[in-house]
Amino acid sequence: MALIAFASDSGSVGSGDTYESFTWPKGVDIIDTEGEGVIRYPYDGMVRHKHYIAQAETATGDDHFQGMITANYTISRSGKVFIADIRHEVPQPRRCGNSIVNRLTSMNGQTV
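Read in order, the letters of the sequence shown are residues 58 to 169 in my numbering.
A few of these clues could be false.
For each label pair, taking beta carbons as the anchor points, the in silico distance ranges come out as [as the list claims (entries may be wrong)]:
#	residue 1	residue 2	range
1	F139	E114	52 to 58 Å
2	W81	H108	20 to 26 Å
3	G118	G84	46 to 52 Å
4	S72	I132	30 to 36 Å
5	N159	T117	24 to 30 Å
6	H108	I132	45 to 51 Å
7	S133	N159	34 to 40 Å
8	R160	S133	17 to 23 Å
9	I88	R134	19 to 25 Å
10	G73	E93	45 to 51 Å
11	G92	F122	22 to 28 Å
12	D101	V169	49 to 55 Å
13	F122	N159	33 to 39 Å
Read the hints as simulated data drawn from the structure, not as lab findings.
Only a predicted model underlies this, so the values are computations on that prediction, with no experimental measurement involved.
We put the beta carbon where it would ideally sit given N, CA and C, even for glycine.
Kindly generate the complete structure, drawing on both the sequences and the hints.
Given below as structure tokens:
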């Protein structure tokens, strides 16, 4: 799967901290019961933390973890998919997993 990265709290820093969030989607599991069910989307995540003093990078640390996005869905008779209750199963730091949430949100109301 593709890497999806978000820079957050980063940019030109004199002294302070920056954080970058990365998401590696693993695949999708769909549990279907006659036109409705649950979507489970596991992923690997990483937050890169950099510390700066006087515009010099003095420390870098990476935190790795696994996450899961879950959502409920229903497919109407006309073939439209409605996605609701999109959630992180385990709260994740920064923006990890948000790209998957955005993708599921963009699919809401689409015809399948």
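The hints, checked one at a time:
For F139 and E114, the Cβ-Cβ distance of about 46 Å falls outside the hinted range of 52 to 58 Å, so the restraint is violated. Checking the proposed 20 to 26 Å range against W81 and H108 shows it holds: the Cβ atoms sit about 24 Å from each other. Between G118 and G84, the C-beta spacing of about 28 Å breaks the proposed range 46 to 52 Å. Range check, S72 to I132: Cβ separation about 53 Å, and the 30 to 36 Å hint is violated.
Judged by the Cβ atoms, the range 24 to 30 Å given for N159 and T117 holds: they are separated by roughly 27 Å. Taking the beta carbon of each, H108 and I132 are about 48 Å apart, inside 45 to 51 Å as hinted. Our hint of 34 to 40 Å for S133 and N159 is violated, since their Cβ atoms are close to 22 Å apart. At about 20 Å, the CB distance of R160 to S133 agrees with the hint of 17 to 23 Å.
Separated by about 21 Å at the C-beta atoms, I88 and R134 satisfy the suggested range of 19 to 25 Å. The hinted range of 45 to 51 Å is satisfied by G73 and E93, whose Cβ atoms lie roughly 47 Å apart. Our hint of 22 to 28 Å for G92 and F122 is violated, since their Cβ atoms are close to 34 Å apart. Against the hinted window of 49 to 55 Å, the Cβ-Cβ separation of D101 and V169 comes to about 27 Å, which falls outside the hint.
Hint check: F122 to N159, Cβ distance near 19 Å, so the stated range 33 to 39 Å is violated.
Of the numbered hints given earlier, the model fails hints 1, 3, 4, 7, 11, 12, 13; all others are met.
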